[in-house]
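Asks: Spelled out from the first residue to the last, the chains are:
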Amino acid sequence: MTARTARTARTLRTALALLGIAGIGYGVYGLLHDPYIRDPLDVLVWGAGAVVLHDGFWLPLVLLAGTALVRRPLLRGGLVVVAALTAVGLPAVLRAGVDHGNPSLLPLPYLRNYLLLLAAVAVAVAVMAAAPHVPGALRAVAAFVRRSLASWRHRPVRGRRLRD
Amino acid sequence: MRRLRLRNPLDVTLPAPPQALRRGPFKEGTFRSRLHEPRTAVVLGRWLGAAVLICFVTGLISHLLQQPPTWLRDHLPSRPVQGYRVTQGLHVISGIAAIPLLGAKLWVVYPRLFSWPPARTVRHALERLGIALLLAALLLELFTGLLNTLQWYPWPFPFRQTHFWLAWIAVGGLLLHIAAKAPEIAAHWRRTKPALPGRRALLGSVAAAVGAVTLVTAGQTVPWLRSLDLLAPRRPDLGPQGLPVNRTAAQAGTVTTPADWRLRVDGPRPYSLTMEELLALPQTDVDLPIACVEGWSASARWGGVRLRDLLDRAGAAHGALVRVTSLERNGPYAVMTMPHTYARDPLTLLALRVNGQALHPDHGYPARIIAPNRPGVLQTKWVSRLEVL
Numbered sequence: 001m002t003a004r005t006a007r008t009a010r011t012l013r014t015a016l017a018l019l020g021i022a023g024i025g026y027g028v029y030g031l032l033h034d035p036y037i038r039d040p041l042d043v044l045v046w047g048a049g050a051v052v053l054h055d056g057f058w059l060p061l062v063l064l065a066g067t068a069l070v071r072r073p074l075l076r077g078g079l080v081v082v083a084a085l086t087a088v089g090l091p092a093v094l095r096a097g098v099d100h101g102n103p104s105l106l107p108l109p110y111l112r113n114y115l116l117l118l119a120a121v122a123v124a125v126a127v128m129a130a131a132p133h134v135p136g137a138l139r140a141v142a143a144f145v146r147r148s149l150a151s152w153r154h155r156p157v158r159g160r161r162l163r164d
Numbered sequence: 001m002r003r004l005r006l007r008n009p010l011d012v013t014l015p016a017p018p019q020a021l022r023r024g025p026f027k028e029g030t031f032r033s034r035l036h037e038p039r040t041a042v043v044l045g046r047w048l049g050a051a052v053l054i055c056f057v058t059g060l061i062s063h064l065l066q067q068p069p070t071w072l073r074d075h076l077p078s079r080p081v082q083g084y085r086v087t088q089g090l091h092v093i094s095g096i097a098a099i100p101l102l103g104a105k106l107w108v109v110y111p112r113l114f115s116w117p118p119a120r121t122v123r124h125a126l127e128r129l130g131i132a133l134l135l136a137a138l139l140l141e142l143f144t145g146l147l148n149t150l151q152w153y154p155w156p157f158p159f160r161q162t163h164f165w166l167a168w169i170a171v172g173g174l175l176l177h178i179a180a181k182a183p184e185i186a187a188h189w190r191r192t193k194p195a196l197p198g199r200r201a202l203l204g205s206v207a208a209a210v211g212a213v214t215l216v217t218a219g220q221t222v223p224w225l226r227s228l229d230l231l232a233p234r235r236p237d238l239g240p241q242g243l244p245v246n247r248t249a250a251q252a253g254t255v256t257t258p259a260d261w262r263l264r265v266d267g268p269r270p271y272s273l274t275m276e277e278l279l280a281l282p283q284t285d286v287d288l289p290i291a292c293v294e295g296w297s298a299s300a301r302w303g304g305v306r307l308r309d310l311l312d313r314a315g316a317a318h319g320a321l322v323r324v325t326s327l328e329r330n331g332p333y334a335v336m337t338m339p340h341t342y343a344r345d346p347l348t349l350l351a352l353r354v355n356g357q358a359l360h361p362d363h364g365y366p367a368r369i370i371a372p373n374r375p376g377v378l379q380t381k382w383v384s385r386l387e388v389l
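In order, the protein sequences belong to chains A and B.
Read in this note's numbering, the first sequence has 97 at position 97, and its numbers run on one by one without any break.
Read in this note's numbering, the second sequence has 325 at position 325, and its numbers run on one by one without any break.
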């Protein structure tokens, strides 16, 4: 890096930092002076609570699950997808039916849909786990189908036949 | 003369706490995964940063459309017709995508929470404080935003104002974080070979997670994903007359319309019209989306009288601001003001019908406003009065 590009990079970095501080300042000022927010302390408590719950409860749980139980990458990937679906879908599952008299709010069977999605993830993981063996498995299935069809065709015939 | 070099106060070293306190997760080697490393953090940080910035910009657009400052008010464009539908759809889509991205990013950098010593210098302490602020703001933003789409408000503060101010703290914190980490980000911006084993699998899982949550929720606004809409709080075709409702007539106290309902239009030449008289005026049909701030949207065919025809009849000046009053008593959107850019748009209607039928009470019977590129809460229902200001 030449001295000039280093200087430009430093200027940009300082500008970005100042912009960030300005944004934070604007947000904090607004939060403290908004006439509708009666007690900004509430927001602080909920923000701190979110951090404590996430870093002190949720993440240790994930790490424990990761180190103690799950070693296979595919299963791990499936659990990542399940965790995401849970984080996004759980509120709807919990609140299904609470529509304040507005049937167009939360109109779907969320628990069923959530369980369906979990099943879909399980199937996807199982299929991918079997993927290296798929060509062989396919051949085996095809052979099985051929054999069954052949025995079906050559069974003692009474009435209808499959072909001919 | 010797120059006196003052030390930057940010670089003042802080005393390290006694080693005896270094227990539990603070001990070295607690976190065994190889993936708690900067390159993975940079890749995930780029994805998360993009999602957060899209979410911020689209949220700002929504805020400005909903509550414009006076200098901007008369310049808000009524086009593109689908504009708000797209930006607000993106707002909720990027916000939902940010949930697994933030989760993954925080997993990667989690060991840094227990770095030792906790603060080396004043700069380091401030940086960590900034990260705490960024994290708190982001977590609360995503949490309140997600629950708002379900109209679930378990917290003691108002949603809209808090969500708005926290967004500035979150994005400010993000910019500060990028500035603080700039050298590390630059050092790990490009892929190095050989690739770290397991990183691809992790990134693939996170991408799959983002894809999954997007596919099963985006159908509330993206028409061709509707059949996959499994976890979104809305389905664009479910509701009275095949359209969702944000606030019902029962909630607004407007289930029955006064028998003597007339549309009052106040201006230089005030007048009022009964429903028959309104229906006798030239009627227009337009295809317009109703796009809610909560992220769902649906197109419908609206029929009624062009708003500009009603305003012309009252002798309104072209650039006049219009105030629309609803029969609704206490809602925050019972009174709405509309700049001329919308009021004069040929697509803006005082709608009397939707999809060929008279409006359902939940959709604003006897009459509602429908305008292009406007948030749903400003498409005032149960209209009783128009005023030229």
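To be clear, the hints were calculated from the coordinates, so they are not data collected in a lab.
Computed from a predicted structure; not experimentally measured.
Glycine is no exception: its CB is placed at the ideal position from the N, C-alpha and C atoms.
Certain hints may be false.
Chain B stretches covered by chain A per the calculated footprint, using a threshold of three residues with CB under 8 Å from any CB of chain A [stated by the list, open to error]:
#1 23-34
#2 103-115
#3 230-244
#4 330-343
Asks: If a hint holds in the structure, say so; if it does not, say that too.
Replies: Structure-based check of all given hints:
no., hint, result
1, 23-34, "holds (count 3)"
2, 103-115, "holds (count 6)"
3, 230-244, "holds (count 11)"
4, 330-343, "violated (count 0)"
Taken one by one, the earlier hints fail for this structure only at number 4.
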